[in-house]
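A.B. asks: If you're matching them up, the sequences are chains A and B in order.
Going by this note's numbering, the first residue of the first sequence is number 65, and it counts up by one from there.
Going by this note's numbering, the first residue of the second sequence is number 65, and it counts up by one from there.
Derived by calculation from the structure, the hints in this document are not laboratory data.
Hints should not be assumed to be uniformly reliable.
Which copy is meant is left open, because identical chains are indistinguishable; a pair holds if it fits in one copy or across any two.
[To be verified] Derived DMTMM-like pairs: lysine to aspartate or glutamate, alpha-carbon spacing no greater than 25 Å straight-line:
| hint | residue 1 | residue 2 |
| --- | --- | --- |
| 1 | Lys285 | Asp247 |
| 2 | Lys159 | Asp83 |
| 3 | Lys314 | Glu151 |
| 4 | Lys140 | Asp74 |
| 5 | Lys285 | Asp312 |
| 6 | Lys140 | Asp316 |
| 7 | Lys314 | Glu166 |
| 8 | Lys285 | Asp316 |
| 9 | Lys158 | Asp101 |
| 10 | Lys73 | Asp247 |
| 11 | Lys73 | Glu210 |
| 12 | Lys158 | Asp312 |
| 13 | Lys158 | Glu66 |
| 14 | Lys314 | Glu137 |
| 15 | Lys159 | Asp316 |
| 16 | Lys314 | Asp244 |
| 17 | Lys285 | Glu137 |
| 18 | Lys285 | Glu313 |
| 19 | Lys314 | Glu139 |
| 20 | Lys285 | Asp244 |
| 21 | Lys158 | Asp179 |
| 22 | Lys73 | Asp101 |
| 23 | Lys285 | Glu189 |
There are 2 protein chains.
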Amino acid sequence: MEVRLSALKDFPMVEPGDDLLTMILAAIRANGLFIRDQDVVVIAQKIVSKAENRYVILDSVTPSAAAITLAREVEKDPRFVELVLRESRHVVRKKPGVLIVEHRLGFVHANAGIDQSNIDHSQAERVLLLPENPDASAERLRQGIEQTLGARVAVIINDSMGRAWRNGTLGLAIGVAGMDAIDNKIGQHDLFGRELKVTAAAVADELAAGASVIMGQTTEKTPVVLVRGYPLPLKSSVESGVRNLLRDEKQDLFR
Amino acid sequence: MEVRLSALKDFPMVEPGDDLLTMILAAIRANGLFIRDQDVVVIAQKIVSKAENRYVILDSVTPSAAAITLAREVEKDPRFVELVLRESRHVVRKKPGVLIVEHRLGFVHANAGIDQSNIDHSQAERVLLLPENPDASAERLRQGIEQTLGARVAVIINDSMGRAWRNGTLGLAIGVAGMDAIDNKIGQHDLFGRELKVTAAAVADELAAGASVIMGQTTEKTPVVLVRGYPLPLKSSVESGVRNLLRDEKQDLFR
Chain A
65 MEVRLSALKD FPMVEPGDDL LTMILAAIRA NGLFIRDQDV VVIAQKIVSK
115 AENRYVILDS VTPSAAAITL AREVEKDPRF VELVLRESRH VVRKKPGVLI
165 VEHRLGFVHA NAGIDQSNID HSQAERVLLL PENPDASAER LRQGIEQTLG
215 ARVAVIINDS MGRAWRNGTL GLAIGVAGMD AIDNKIGQHD LFGRELKVTA
265 AAVADELAAG ASVIMGQTTE KTPVVLVRGY PLPLKSSVES GVRNLLRDEK
315 QDLFR
Chain B
65 MEVRLSALKD FPMVEPGDDL LTMILAAIRA NGLFIRDQDV VVIAQKIVSK
115 AENRYVILDS VTPSAAAITL AREVEKDPRF VELVLRESRH VVRKKPGVLI
165 VEHRLGFVHA NAGIDQSNID HSQAERVLLL PENPDASAER LRQGIEQTLG
215 ARVAVIINDS MGRAWRNGTL GLAIGVAGMD AIDNKIGQHD LFGRELKVTA
265 AAVADELAAG ASVIMGQTTE KTPVVLVRGY PLPLKSSVES GVRNLLRDEK
315 QDLFR
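Same shape as in the complex, but just chain A (with noise of 0.2 Å):
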């Protein structure tokens, strides 16, 4: 069994307002490659948000009493902490440095997500919010390559992400459409028979990491990779969604 994950070479840059879905098939044809059923499609983050222009100019933004305390607390931009609120349910940890937030979608995430590298700051200085909805857009996007190559796709937007316990970033699923983002193995056996308890991969996650690998944060001209192999169970997108990785609070002994 071979799993293949393909970096789209020379991705444009991407603008506010661009067709994300024409320009991802556009870029597939130009690397020689095709779409099929049970491929699934890794989006970075970044690029999903640029096309939603989820910038926000930092000047445009009035920091409230609450987010001047915590900047100081936190030795960061005011304007960037307020943002980080809005985006929030609520803090989860903080230090000099470090802000740790429950993102209004339910990740913990630093800052929640809102990202100042790879911007362009020429015009004014501004900051990358993630996609209002990231389980909407890759819906969209799956349901766009289904409409216009008849293939039925899934589609992960993923994001570079601190963790607990574990230096360094992983690209972990923010969005997903067309699969179910965990392979629950409850109730199967294993090669002995015995029941397996608690095996529940976090399969979308994975391949969201495994694409990280080759999406190369410097240059960010990979920012969508092309992943064949892994034998999707194709589902209806009813069942689909981040929400099934995302443990709640009440269940969480980290938070």
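Keeping the supplied structure of chain A fixed, place chain B upon it in accordance with the hints.
C.D. replies: Then chain B, alone, in the frame of chain A:
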């Protein structure tokens, strides 16, 4: 750019004392594959533990008073809890059904990574500990491949782990040889010349997760995955090892 993950089909059952290097090289040939410079060989922890005979027969374990008390609290077998404690520095979180510890090697891991699935219990009830020193196991295999085939590869031993905040397990690295586990981009510049500040990608974990997708937990017939196409910067093995992935407890906000 393309990364190919090839799972070695029909890998034989591994028994204590088996020579994993010989088995892996034979399986690569039997699968019509070959190894070359810069390949990454990802190996499931379970077959490394089995080859190293990290089995423990539960009846041979006498639980301490502390293990008996803790076992009652977490509703687990006191002999099993005794082994978890022996393999651990300390308990990180506990509740009925859940026992998360810091493993003696520094991983935060449920049950210290001790596993009861995919083990033949026909003789006596036994469990399987993590390898004694996964970095050393990975390095032995890496050196064996270099000496046998002349190929400079990296070796990652991976294991499925739970995590904070998100559901589902992820295949992550517990042993690394022949590569830097973290691709540290600090000091490099982004597309617009802004210095990348905190972009250190945990590439060994991303490769471990990607390979995990096709390893298949239920059948355990593909515990070895050959990764080709990742632009591996081949380093002296002195710089390899999993330790860069493990956040020091003092630096960790979630322990």
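A.B. asks: Hints broken by the structure, by number, lowest first?
C.D. replies: Of the numbered hints given earlier, those the structure breaks are 2, 4, 5, 8, 9, 13, 17, 18, listed in rising order.
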